[in-house]
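Line by line, the protein sequences give chains A and B.
Position one of the first sequence corresponds to residue 623 (my numbering), numbered consecutively onward.
Position one of the second sequence corresponds to residue 289 (my numbering), numbered consecutively onward.
So these bits of chain A aren't anywhere near chain B, every CB distance computed over 10 Å:
hint: 1; residue: Q677
hint: 2; residue: S680
hint: 3; residue: D690
hint: 4; residue: A697
hint: 5; residue: G724
hint: 6; residue: E826
hint: 7; residue: A870
hint: 8; residue: G919
hint: 9; residue: S938
hint: 10; residue: H952
hint: 11; residue: I959
hint: 12; residue: A982
hint: 13; residue: E983
hint: 14; residue: A989
hint: 15; residue: L1026
hint: 16; residue: A1030
Derived pair list, reagent style EDC-like, types lysine to aspartate or glutamate, alpha-carbon separation capped at 20 Å:
hint: 17; chain 1: A; residue 1: K787; chain 2: B; residue 2: D467
hint: 18; chain 1: A; residue 1: K954; chain 2: A; residue 2: D940
hint: 19; chain 1: B; residue 1: K325; chain 2: B; residue 2: D352
hint: 20; chain 1: B; residue 1: K631; chain 2: B; residue 2: E544
hint: 21; chain 1: B; residue 1: K325; chain 2: B; residue 2: D467
hint: 22; chain 1: B; residue 1: K325; chain 2: A; residue 2: D815
Treat the hints as calculated values from the structure; they're not laboratory data.
Ideal placement from N, C-alpha and C gives every residue a C-beta, glycine not left out.
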Amino acid sequence: MAAVPGSPESPGSPYHPTTARDAAARGAAGLRGQPTPSEVIAGLRATSHGDDLVQLLSPEGTLTAHEDFPFEVDADLLRGLYRDMVLVRRFDREGNALQRQGQLSIWVPLLGQEAAQIGAGRALRPGDMAFPSYREHGVAWCRGVDPTQLLGIFRGTDHCGWDPKATRFNCYTIVIGNQVLNATGYAMGQRFDGAIGSPEADGESRNEATIAFFGDGATSQGDVHEGMVFAAAFDAPVVFYCQNNQWAISEPVEKQSRVPLWQRSTGYGFPGVRVDGNDVVACLAVTRWALEECRSGNGPVMIEAFTYRMDAHTTSDDPTRYRLADEEQHWKLLDPIERVKVHLSRQGMADQEFFDSVGAEADELAARFRAHCIAMPKPPPERIFANVYSEPHHQLEQQQAQYLVYLASFEDQGSATPGQVTR
Amino acid sequence: MNDGAVSSPRSGADSKPVTLAKALNMSLRAAMDEDPKVIVMGEDVGKLGGVFRVTDGLQKDFGDHRVLDTPLAESGIIGTAVGLAMRGYRPVAEIQFDGFVFPGFDQIISQVAKVTYRSQGAWSMPLVIRIPFGGGIGAVEHHAEAPESFFCHIGGLRVVACSTAQDAYDMLRAAISCDDPVVFFEPKRRYWEKGALDLGATALTDTALTDTGAERERPPGCFSSVVRRPGTDVTVVSYGSSMPILHAAADAAAAEGRSLEVIDLRSLSPLDLGPVLDSVRKTGRLVVVSEAPRESSITADIAARVTEEAFYSLAAPVLRVAGFDTPYPPSRLEEDYLPDLDKVLDAVDRALAF
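Make the full structure from the sequences, and use the hints.
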């Protein structure tokens, strides 16, 4: 295709890499895969959050009260949130490494979204229910799902390695937006059960809420729209928690919406808030408020956590083909962990010993994560047929029996089973 | 119609003939009476009672928390039903017409069918999706389709089709009590045809295991096929709306001295081929009838499996009477499209000619 004026291929255009530094900024893909001018503009636009952002802890580590979201912060809370984010980032990085070393077929990094996920996750009570998409490793952590339980999905040994019922953290849902409707239905059930709107008794509340996690890309899906319509129609106690990380693989958020995403809630008739998704304190304060609104019968609520996907969409993706390193550098200055560390240090809430101990704990977690991953066995063939149905199913029982006889026929001949043959 | 919210249908046993639609209504009412977790949801199922009146009177008696008039969105109906089932409800979701199921198809395939498997059994999915199906009512496009094969192809779903008032009642009760998702096809062309409904005859003999391992009673035979009429010369098999055609064919054949064995599949997934294979081993000839397009269909699967399992019993190839591999035609042409008495008798003649 011929170069058109103003295109990246056109010499002399402002987008043509003329220096080694420019080329480096574009990353390894270099000329082969450059962001288009519109992508560059979209990406830079995504660094501007507008005037409606709820922020409590600034990127420089300054804590400011917000009149709409009054929130008590103490040293224990901040140290806990810091620890959560460091540990989650550490095993997330290990996930990337394990994929590169062939131990995982894919990993879905959350780098940059630690605050958005830990803030929301720590706002949940044990009785609340969470419906994740597939990047919510930080929320999983808060729900008590061990990081090693996330590995099976990406190593190919299971589709969900934890008990979604017991943890009240549903299985990862890969079809974009599906879980938003499932969450809405669950929340409708909470309302039908009378699990919202009761006064507290003895300081205890039996009220519950549901939270649905999805991304900016998912907001284009019909299921997200229908979820919001149903939630409004049935006054469902569900928090629609959209992590706007600016990129749906290669498509900037402006491909999904002309208006800021949080403003969509107005059209459905419930409140929406845009929160600094890199500010764990604000995410916690706003989500806690939103869940309480739902528990007390004032749901649904939408939250847009304005954040950034610092890494690729997955380990199979190459962001250098569609966005500039400059943009990543801008967001690096807004890092969710650094601002908490600065605040803890400056306020004398934590000393070097604390930071060192969290670092050591993170390394131990990563080592355990790695060792567990490498030791995960291939499941037995019976697993193919297990739990397809809750009740007996003669057709599958027959298929399983026939396949096991087939496998056994190899053993009778003293040769390897097909699964053991090295190809 | 007002049976009262608290009256059990068994206590008011009614042996008079009822329409198939009424039998379904009574079945829903009985299930809702018995288990407060059973809820009905769909478009126009409340005040209107559904466009076919299958849910008539239920909202009045059970309230709008148990009979939900939903926004007009099929993915929303199925997707929220999934969440309600996770919450412990037993939703019965109505899809208004066969051709309208496709906006909800993604949720059925991606979630309903896979939630139990994905969660390694942590979630069960006791959800019934009722779909009026099939043609012959002179309707506009999307109101006369037979999409059952799509669902039979998906592991994790159970698919059934009723053809009589008695089955409508019993099979829907069984489907609602099943912990697996059941796609329940209703022969809309036969909704107003009356049949005997003997509530005393639905002896609760079968048992299934509950989550806790305890045995639970359930009506028999939701997931099995039945021989409707014994015969010796040719086996004819179908389900749903085509069953009366098979009976008419058996009558016509009998007048010519030929004996047809008529089998109602009832369960489309899993297929219960035992009675079909037993019959074919006796007759050696099999004709399979369905309104659905022929390609990659239930009729195709039956032909393949009978060939695999009863090859030496066959005296003729398995023959099929099915819809053409076209979109459903304008209704003035549907008589040409649908299986009818002549097409079935023609196939019987061809099977016997071998």
